[in-house]
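Protein chains in written order, with the numbering used here: chain A, 12 to 443; chain B, 12 to 443.
Careful, some of the hints might be misleading.
Treat identical chains as interchangeable: a pair holds within one or across any two.
[As the list claims (entries may be wrong)] Listed below are the simulated DSSO-like cross-link pairs for lysine-lysine, each with C-alpha atoms no more than 27 Å apart in a straight line:
id, residue 1, residue 2
1, Lys79, Lys135
2, Lys20, Lys182
3, Lys441, Lys370
4, Lys129, Lys191
5, Lys376, Lys172
6, Lys107, Lys254
7, Lys65, Lys361
Simulated from the structure, these hints should not be mistaken for laboratory data.
Number of protein chains: 2
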Amino acid sequence: MQKLVSFTKRRGFIFPSSEIYGGFGSCYDYGPLGVEMKRNIKNSWWNEMTRIQKDVVGLDASILMSPKVWEASGHLTAGFADELVDCKKCHHRFRKDFLEEAGGKCPDCGGELTKPRKFNLMMKTFVGPVEDESSATYLRAETCQGIYTNFKNVLQSMRMKIPFGIAQIGKAFRNEINPKDFIFRTREFEQMEMQWFCDPKTTDKFFEYWLKQRLNWYYKLGISKKNLRTYEVPKKDLAHYAKRAVDIEYKFPFGWKEIEGIHNRGDWDLSNHAKNSGEDLKYEGYYPHIIETSVGADRSFFAFLAEAYQEIKGGRNEEGESNKEMEVHFNIHRSLAPLKVAVLPLVKNKPEIVKKAKKIYETLKTEFATVYDQTGSIGRRYRRLDEVGCIFAVTIDFDTLENDEVTVRNRDTMKQERVKIENLAECLRKQL
Amino acid sequence: MQKLVSFTKRRGFIFPSSEIYGGFGSCYDYGPLGVEMKRNIKNSWWNEMTRIQKDVVGLDASILMSPKVWEASGHLTAGFADELVDCKKCHHRFRKDFLEEAGGKCPDCGGELTKPRKFNLMMKTFVGPVEDESSATYLRAETCQGIYTNFKNVLQSMRMKIPFGIAQIGKAFRNEINPKDFIFRTREFEQMEMQWFCDPKTTDKFFEYWLKQRLNWYYKLGISKKNLRTYEVPKKDLAHYAKRAVDIEYKFPFGWKEIEGIHNRGDWDLSNHAKNSGEDLKYEGYYPHIIETSVGADRSFFAFLAEAYQEIKGGRNEEGESNKEMEVHFNIHRSLAPLKVAVLPLVKNKPEIVKKAKKIYETLKTEFATVYDQTGSIGRRYRRLDEVGCIFAVTIDFDTLENDEVTVRNRDTMKQERVKIENLAECLRKQL
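Excised from the complex, chain A in its bound form:
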């Protein structure tokens, strides 16, 4: 785990937020490679849901919503709360369920603990000039509520027919008392949610359908079967809105953890919003039931990261020498890789080679995520690229000046082929 955290910072994937001020809470920033990889994940999910799947349209609702939404959804009541206990001596505060092993004493100082009390997870803010309860609202704790409140708007404006889905990607916030495990449990996080509205008689069928589709998405993007499993949430542990829940779990360095939930939410959401708002949210006389697929974008990022990260001892190097140092290989799926192409002049002190390399770089970079690197031996540069999972390395050498051919090295096959410069873009495009 510590290696992963250090790797992501060193290579520009993830930085602690506000780091120059000593960091802040559990907030993280995605660096230049991280943002590209996260965009690739989000685009892949969006493409899967709104293009490859049938009858799913998109939405992008605001983070700030009317507090009435959260009253109706049940988030402002006891259901969406953690039980907290205080230490009477050092006054530190803990989530009750994290204390099971501590034997009823403060884990920090051994002091006596108070009785547990409920603590709501919604993050409050104030809208307008007066800072009081009448102007209070909340940062959304889940993106799906923006989908439910727009159910009728989408139905009408897009002339949809049941069954159909609405997909959304966006930030949500929960005031976690014990954020932990790097980007796994954070107060600010991003969700990729799809809500499928259907006839109550079809929920079981669609539950199975979407569970299968979602598992396949991870497999397609390189998650191995041995690291992914499903967990049927027992009835007694179901959230207040759920009739059935299956977690998709990934085997993280710190154990099996949920990265996505498939939920049968029944008619909880539409019937409650109808009751509370007075709007008719029925479709042909009934409340559509909802199957939800809810991915943590940061958690899935973390899973793809952990899956791709490999340390290899004694790999061969490009000069054929045996290599005794530990090497990092980042075997990220090519569609998720933050860098697709690197352009490398064999040497940096031969102006014709550098000039040609820069020209090729300028052409490729407008189409692919491309870097230019002229520092260090070719073997060293290859290793730097393998470390971040760059798919292709294009080397411009002395022969290039004669025959306009470059060497294209493929990260996965380690094969190198000579390609005419005029065919280079097309060659890369085909393989990507």
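Mind docking chain B on chain A? Use the hints.
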């Protein structure tokens, strides 16, 4: 203006947030067509900045940051505040600068007004279990601070050299007292910002360069020159951090308004963060100066929307009849259009035609934003598509059953050509 608002709701571009609960503040949700169009705008900007331009890398920082960031940036002091006055009679509150025409009286009831007092625009929230000032932080009021605090991290992890830029897209929040003009001035909004770090001697050159590049981006995407202008902000009106500012203004239905700002921020940001954090943020012994390009994503969406929306009286219809009703044409640039292709069976009561149309739809939709529409006459369907700017309409008719050719209608040229089904995807791909 009212027509635009009503159009965006009716056709699934923009809905008022929490509408079933009577709406909320100035928050808006992007509907199925709106989210596709906004994604296209954001992707176009990202592509422009990180692919087409040189030496710009991306970042995605968190919305929640350490409050120390906002102390250093000057946002918690008087500089980032509105002057408010209260009505002594009806107790309504107003921004002082909005009252200039009201002659010192309450615009709502004519009552006497209080003296102005400062009101900070940062939106507060609380992190952790205790809701007091020690746990207070703020929703970021601008995305750029996450770039400055990561300057060193990006420099080191990506081995950048000055000059270089960092681009970011993300939400920001300001507690506007008078949000207004639809999605133009809202409390929650999205920014697309690029910060260019350079040698102090080069700031004038780069200011001109980026201003020109940014204007060209709008022109490329179909904004006409007559609707775009620049405004040199007078010295006395400059923000506390700015040495020079040029606004890019669009001619909205409610007048010329800023959609983007180009700012010379000097060394304000890095030197202040260095001073406040104790970190060395110099590069080779000096603080790089910053040229910023800051787009309001929602404002630019609004500008593209207003530019594309056209009402045409008495247009010809497809049956050749003269058309007396007002028609809406949405001439959005093809790269921004939320729908690229529509698949239309000529009639819906001929199963072979419907089957063929659905098959074509299933194929195209995985690659392009595609709709299927079989309701109403072809002329009526074309008009519905023109209204949302769909680029191509593919009609499957009786001849298709004989020769496997479909009619492809181009929104812009109104030309129709017959294309073999096997060549259809390639034909559309080329033109898009």
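- prompt: Taking each numbered hint in turn, which are not upheld by the structure, reported in ascending numerical order?
  reply: none
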